[in-house]
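> Could you put the whole structure together from the sequences, leaning on the hints where they help?
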Amino acid sequence: MELKTFKAILRRLDEKATILAKKLQAISPRAWFLIAACAIALVKAAEGQSTARIAGAQITIILLSTLAGYGLGWFLSPSAASLRKVIAAILGLLAMILFLGEGNGASWSMTWLTALVGFFLALGAWLGTTARGFFAKPTTFGSAEWATLPYLEEHGLIGETGLRLGYFAGPDGLQPVHYTGDRHMLTIAPTRAGKGSSSIIPNLLTYDGSVLIIDPKGENALITADQRDRMGQELHIVDPWNIAANGCASRFNPLDWLDPNDPDITENAMLLADALVVGKGNKSDPFWTEEAKALLHGKILYVATDPREADQRHLARVRDLLLLDGEDMTNLWQRMMDSPHHIVASTGVRCAQKDEKLMSNVIASAQAETHFLDSARIRESLSRSDFKFEDLKTRPMSIYLVLPADRLDTFGRWLRLLIQQAITVNARNIEQKPEKPILFMLDELPSLSRLSAVEQAFGLMAGYGMTMWGVAQDLSQLVKIYGEHGYQTLIANSGIVYMGSRDKMTAEYFSSLCGMQTVWNISTAISRAVSTSSGAKGGSSSHSTTDSSTAALTQRPLAFADELMRLPSHKQLVLIENHHPIAGIKQPWFENDALKDLGRNLHAS
Numbered sequence: 001m002e003l004k005t006f007k008a009i010l011r012r013l014d015e016k017a018t019i020l021a022k023k024l025q026a027i028s029p030r031a032w033f034l035i036a037a038c039a040i041a042l043v044k045a046a047e048g049q050s051t052a053r054i055a056g057a058q059i060t061i062i063l064l065s066t067l068a069g070y071g072l073g074w075f076l077s078p079s080a081a082s083l084r085k086v087i088a089a090i091l092g093l094l095a096m097i098l099f100l101g102e103g104n105g106a107s108w109s110m111t112w113l114t115a116l117v118g119f120f121l122a123l124g125a126w127l128g129t130t131a132r133g134f135f136a137k138p139t140t141f142g143s144a145e146w147a148t149l150p151y152l153e154e155h156g157l158i159g160e161t162g163l164r165l166g167y168f169a170g171p172d173g174l175q176p177v178h179y180t181g182d183r184h185m186l187t188i189a190p191t192r193a194g195k196g197s198s199s200i201i202p203n204l205l206t207y208d209g210s211v212l213i214i215d216p217k218g219e220n221a222l223i224t225a226d227q228r229d230r231m232g233q234e235l236h237i238v239d240p241w242n243i244a245a246n247g248c249a250s251r252f253n254p255l256d257w258l259d260p261n262d263p264d265i266t267e268n269a270m271l272l273a274d275a276l277v278v279g280k281g282n283k284s285d286p287f288w289t290e291e292a293k294a295l296l297h298g299k300i301l302y303v304a305t306d307p308r309e310a311d312q313r314h315l316a317r318v319r320d321l322l323l324l325d326g327e328d329m330t331n332l333w334q335r336m337m338d339s340p341h342h343i344v345a346s347t348g349v350r351c352a353q354k355d356e357k358l359m360s361n362v363i364a365s366a367q368a369e370t371h372f373l374d375s376a377r378i379r380e381s382l383s384r385s386d387f388k389f390e391d392l393k394t395r396p397m398s399i400y401l402v403l404p405a406d407r408l409d410t411f412g413r414w415l416r417l418l419i420q421q422a423i424t425v426n427a428r429n430i431e432q433k434p435e436k437p438i439l440f441m442l443d444e445l446p447s448l449s450r451l452s453a454v455e456q457a458f459g460l461m462a463g464y465g466m467t468m469w470g471v472a473q474d475l476s477q478l479v480k481i482y483g484e485h486g487y488q489t490l491i492a493n494s495g496i497v498y499m500g501s502r503d504k505m506t507a508e509y510f511s512s513l514c515g516m517q518t519v520w521n522i523s524t525a526i527s528r529a530v531s532t533s534s535g536a537k538g539g540s541s542s543h544s545t546t547d548s549s550t551a552a553l554t555q556r557p558l559a560f561a562d563e564l565m566r567l568p569s570h571k572q573l574v575l576i577e578n579h580h581p582i583a584g585i586k587q588p589w590f591e592n593d594a595l596k597d598l599g600r601n602l603h604a605s
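Under this note's numbering, think of the first position of the sequence shown as 1, with each following residue one higher.
Worth flagging that the hints you see were computed from the coordinates, not collected in a lab.
Among the clues, some could well be false.
As the list claims (entries may be wrong) - Computed cross-link-like contacts, DMTMM-like style, restricted to lysine to aspartate or glutamate with a CA-CA straight-line distance of at most 20 Å:
id, residue 1, residue 2
1, K354, D338
2, K596, E219
3, K354, E327
Stated by the list, open to error - Pairwise CB distance ranges (calculated):
id, residue 1, residue 2, range
4, L513, E356, 48 to 58 Å
5, P340, E234, 35 to 45 Å
6, L358, E577, 46 to 56 Å
7, L64, W146, 27 to 37 Å
8, K436, N601, 18 to 28 Å
9, G159, D374, 42 to 52 Å
10, L358, N601, 53 to 63 Å
11, D374, E484, 34 to 44 Å
We treat Cβ as the ideally placed atom computed from N, Cα and C, and that holds for glycine.
Below you can see the structure in the form of structure tokens.
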């Protein structure tokens, strides 16, 4: 019985020691120094009394010894790694200077110093390894941890080259976080989260490679176009509504891509038809969607290859042909059947042979997908080409695609056409490697709906001289468009900048990506017992109180979902492949001393 009691006492002492050690580790070095300074001050005050001098000296010795031990422990810890390297370098340099200064005659007299330096260097290396193991965080249930400034510097994520991902708060102020890898990027940020001012615009002001930008408000062009012009970029602002182009909007005709002598003309026309047809209303019955694509495919090829259409080789003409009826439509089928191009001819034959009611429904589906081509502004913008997307790889060029946010849904097919073609032509030109990858800044990515070129670019085209940077409000938008598996392809091939979201699914997903860490769980239990007894001769009572404390390793998410949903407005989460999560800082470009003079501040008084 006594042995069990002794073991219980030892176990209790061990638990108390563990708890005390954890609490002592939580005290910062500054707090220790403050405690020591206060104690020394008290001792000095007591020295004025002769009776306390001896006691004061003893206390001082004890405190200084304790402080020296703590300082030695800190010196051997990972926190002092930089200081140890500096001291070692200074000692080594001093030894070399003394050797060179004394000449050959002093080599033996300096041997003791060299030996001493070597001894401490070797001892420091060994003790440093031991100390790192002693101070290492437990990883039993997970090894996730936040990136530190030394970690970011070691892995080349702090600097001024590459894509700007925000800032990291260091002891000397904000340090710029940059990415120079070949992964694509994805920003998840709700409206009014500052993704434009803190992410998109800073990159447009500094990235010296070619860029193509979806500019929903026209602000990106208004703020950054002058700076990109000063950087030597060829500027093209495709702006049908003249929001940012100041009357000098560029135009682009997708049908100029279709060369009758190109063996790939059939596939290229098919891609244009695919970009035109979204099929939002026919998801339950894809027949009408596919039939509309086939009809548009044939008519696009007809307009691009028939000599009689040479003066009208644009999509507005394709729209006009869809609106023919009666005898005019019958004559069109006949002209298509007479075409030397097999796709055009086969389209004419199939349309002429279809049941009249069925054909009417197919034409109606194609008409519904091309309503946006009735806009006079869109027709003018698509009438001719002032540039080629292929030139994005051959010379510095900036292309802004300006479409007002309130027209994204109605005219999203116009964006789809241009983005699909821009990605396709540059993906095929594998041999051409630009010095800096083309940056496709796809703001409001969900407005493009499901676009095959974008999906393939994120999944297959890393290293093709192109970098996709998609921007969405939350993951639910991407799930709706790309499905449960498709949206994960985008995430798996991207570095991610998360600026907070009230969407629970998004927060939980990024919480899981941050991983799990191992932490100490300290629990204390207190129990009280009271017993009483009474009898003829009186009564008695007894009271007892017991408390127990336990310390055990347990698992905790590095970032809980609710913590991510409550991210402060100036903070963001940055996830880069094979690196610790980064607790980053957002800073608007107009508050940054290095950027505020580069752009045009639209809100300056």
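> Work down the list of hints and note, for each, if the structure agrees.
Results for each hint:
| no. | hint | result |
| --- | --- | --- |
| 1 | K354 / D338 | holds (18 Å) |
| 2 | K596 / E219 | holds (15 Å) |
| 3 | K354 / E327 | holds (16 Å) |
| 4 | L513 / E356: 48 to 58 Å | holds (55 Å) |
| 5 | P340 / E234: 35 to 45 Å | holds (38 Å) |
| 6 | L358 / E577: 46 to 56 Å | holds (50 Å) |
| 7 | L64 / W146: 27 to 37 Å | holds (36 Å) |
| 8 | K436 / N601: 18 to 28 Å | holds (27 Å) |
| 9 | G159 / D374: 42 to 52 Å | holds (50 Å) |
| 10 | L358 / N601: 53 to 63 Å | holds (58 Å) |
| 11 | D374 / E484: 34 to 44 Å | holds (36 Å) |
Every hint from the earlier list agrees with this structure, and none is contradicted.
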